[in-house]
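Given next are the chains, with one letter for each unit.
There are 2 protein chains.
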Amino acid sequence: MMISEKMKPMIQNSSVIRAMFEEGIKMAAIYGKENVYDFSLGNPSVPAPECVKQAILAELEQTDPGLLHGYMPNAGYEDVRQAVADSLNRRFDMDYDASNIIMTVGAASGLNDILKTILNPGDEVITFAPFFVEYVSYVKNYDGILKVVPPDTKTFQPDLDGMEEMITEKTKAVIVNTPNNPTGVVYSEDTIRRMGEILTKKSQENGQPIVLISDEPYRELVYDGVKVPYIPKFYRDTVVVYSYSKSLSLPGERIGYLAIPKAMTDSAEVIAAATIAHRILGSVNAPSLMQRVIKRCVDQTTDVSIYDRNRNLLYQSLKEYGFECVKPEGAFYLFVKCPGDDEAAFCQACKEEHILVVPGSSFYCPGFVRISYCVSYEQIERSLPAFQAVARKYGLI
Amino acid sequence: MMISEKMKPMIQNSSVIRAMFEEGIKMAAIYGKENVYDFSLGNPSVPAPECVKQAILAELEQTDPGLLHGYMPNAGYEDVRQAVADSLNRRFDMDYDASNIIMTVGAASGLNDILKTILNPGDEVITFAPFFVEYVSYVKNYDGILKVVPPDTKTFQPDLDGMEEMITEKTKAVIVNTPNNPTGVVYSEDTIRRMGEILTKKSQENGQPIVLISDEPYRELVYDGVKVPYIPKFYRDTVVVYSYSKSLSLPGERIGYLAIPKAMTDSAEVIAAATIAHRILGSVNAPSLMQRVIKRCVDQTTDVSIYDRNRNLLYQSLKEYGFECVKPEGAFYLFVKCPGDDEAAFCQACKEEHILVVPGSSFYCPGFVRISYCVSYEQIERSLPAFQAVARKYGLI
Chain G
1 MMISEKMKPM IQNSSVIRAM FEEGIKMAAI YGKENVYDFS LGNPSVPAPE CVKQAILAEL
61 EQTDPGLLHG YMPNAGYEDV RQAVADSLNR RFDMDYDASN IIMTVGAASG LNDILKTILN
121 PGDEVITFAP FFVEYVSYVK NYDGILKVVP PDTKTFQPDL DGMEEMITEK TKAVIVNTPN
181 NPTGVVYSED TIRRMGEILT KKSQENGQPI VLISDEPYRE LVYDGVKVPY IPKFYRDTVV
241 VYSYSKSLSL PGERIGYLAI PKAMTDSAEV IAAATIAHRI LGSVNAPSLM QRVIKRCVDQ
301 TTDVSIYDRN RNLLYQSLKE YGFECVKPEG AFYLFVKCPG DDEAAFCQAC KEEHILVVPG
361 SSFYCPGFVR ISYCVSYEQI ERSLPAFQAV ARKYGLI
Chain C
1 MMISEKMKPM IQNSSVIRAM FEEGIKMAAI YGKENVYDFS LGNPSVPAPE CVKQAILAEL
61 EQTDPGLLHG YMPNAGYEDV RQAVADSLNR RFDMDYDASN IIMTVGAASG LNDILKTILN
121 PGDEVITFAP FFVEYVSYVK NYDGILKVVP PDTKTFQPDL DGMEEMITEK TKAVIVNTPN
181 NPTGVVYSED TIRRMGEILT KKSQENGQPI VLISDEPYRE LVYDGVKVPY IPKFYRDTVV
241 VYSYSKSLSL PGERIGYLAI PKAMTDSAEV IAAATIAHRI LGSVNAPSLM QRVIKRCVDQ
301 TTDVSIYDRN RNLLYQSLKE YGFECVKPEG AFYLFVKCPG DDEAAFCQAC KEEHILVVPG
361 SSFYCPGFVR ISYCVSYEQI ERSLPAFQAV ARKYGLI
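Respectively, the protein sequence lines represent chains G and C.
If you count by the numbering used here, then the first sequence holds residues 1 to 397, one letter each, in order.
If you count by the numbering used here, then the second sequence holds residues 1 to 397, one letter each, in order.
Excised from the complex, chain G in its bound form (with noise of 0.2 Å):
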């Protein structure tokens, strides 16, 4: 047998996601793409700003090719990570320098990197569903386990004391992602100033602190002017995991950092360690033109607004054909209740309609749907009546 045992299971997974992926490809091939309202993604639809374009060709022009493509310090180039410092230092009254800044390939290395740094086999993370169900790889990863807070299906706020009952002397670590993917919430000033309390006494009783990962991705795309809280001005031993593949609409060119502040236990020791996480797991650095890149458009976003129109418009019409949602506040995505409680009935429904959406059961949340705005407005117009139908079947209109 050629494969481990460990990625065995992770096959047949993974060819579900495909054959979802494929039947999409063979509905557009029978009814035409136009007829197809394919809602699954999380790719952006909004292009990078034009300063991505702009800041790729000045340094094609001014930078020696010997330095845009050749190596670095694994951490990055020291300037970029001084300007990513700055940035988050004027944005978020902190105190970063370069040293506290990591380059990653992307978000999901940033996590691989601080999960390697921290666990030891046994050790629990926990998070709260519904959640990127990729952390169930990275966890494992490091042989840690996964602990699921269940969601409050009604606000989608972490239940907090649910988590702190799930807390054991082996926890080492919680990951939130807010603004949260798949619902679009994000998590009130006052929930984070909970659960940091939390936290804090917890690690005090376990003679160890927990580790608070914030994966924050969406931080950017927020609507109705509503703050994301920055989680380590309110719990010491957070480290932040960001990337730039939907500020600036960069997801295949895998481009983020790692945050670790000063005030955190064992700063140094952990900056260090995840560098090195970061270098043996075959990362080595981020990659080198795209950092410099980021160094130029340090404070710059995607133009949010057009993913609001898509979000106010297909928010208002589910709302309006009697559908059951949290409105979000972040990210691009909508989740939605699944009339009946029945998630593989309602997906086949949406199905016949040529919609496609993501279980919530994906998302360890079953019950509801994922639906991913950042399409065209026009996918969105022209998805409306199909979404009426499907309402119409559920007698919700």
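Careful: at least some of the hints might be erroneous.
[What the hints assert, rightly or not] Cβ pair distances, simulated, as ranges:
#, chain 1, residue 1, chain 2, residue 2, range
1, C, Pro150, G, Gly122, 48 to 54 Å
2, C, Glu50, G, Gln12, 44 to 50 Å
3, C, Asp97, G, Arg382, 32 to 38 Å
Honestly, the hints are just simulated from the structure, not real lab data.
For every residue, glycine included, the Cβ atom is placed at its ideal position computed from N, Cα and C.
Given chain G's structure and the hints, the job is docking chain C onto it.
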């Protein structure tokens, strides 16, 4: 304690390397950069060929930014993988198609992907001293055990009898690196053929295939018309790990591939598992713009004649001064025997003449030093009196 038990010893080790690096900076500050001869780094000195810049410009002009910087299948863009497959088929008479190629975040990521794919805890991986020391970490990442065949310090060809004796029922893989870092030696066709025969026999005895992992970032850096055998032609269960770091001078960009031949045992499963490993280890996909650059530059290489000129000057000079060294046929390193067999004393003697080299013990081969000639020709010229002075100290001239 924040750091995991596994990471703790690595921090120690890493500070030793850092100390060496800082020593170089300190020396440059004291004596002037032009009077310090740093031969310690493997960072390509020949810039990326012009086709890279032209490819980036063409992609920026012609490709939709959503596609250029967006998500694609985890294994990479289909057309890029097909272009890589076509190039390999043309050059090595293989039968790859896109499905056999996984674009990776450089060779380090490819090595991690394939090791995660195949290793169960306690499985053994064999390699040959001297070798790139990161193999130790890559194998440990998946709880494998790296076993090292001692070097043949006369020729630095692999000791195949030593390999055969080292193979047990637990042997899951053998890693070879030819052209070799740090020796510059290229394994001959006869060597590869014999290695394949032994592995075939031992795989049959074990009732389980031993995977031959060919780590070949230096394939294109060869001199004197030497041919580097294409290993999958000689042994069916070969996985090729490639990087464009050296051939296109793009080490900072982190772009390479895994090639998993159709003929390999359980080929489709290995491909599926390696693709998943690539995703869950956090790489997700190889950087998108650089993938598209590879498609446009797939048969290009940097100007290898520049390294050849460096090689000839440095090799001939060192031989003339009485140093012992196998003439390298590839890569951009000389592996020089320490006169008096005292590595630390020799490194110190070099340092006194402002020459920085890497001790052979860093490659599990004490008594030698690695001299990287991926530097400017002028640096080599300037350094020759310093090497002469070292030779004089040892009474070689």
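Going down the list of hints, with the structure as the test:
no.: 1; hint: C:Pro150 <-> G:Gly122: 48 to 54 Å; result: violated, 37 Å
no.: 2; hint: C:Glu50 <-> G:Gln12: 44 to 50 Å; result: holds, 47 Å
no.: 3; hint: C:Asp97 <-> G:Arg382: 32 to 38 Å; result: holds, 36 Å
Violated hint: 1 only; the structure is consistent with all others.
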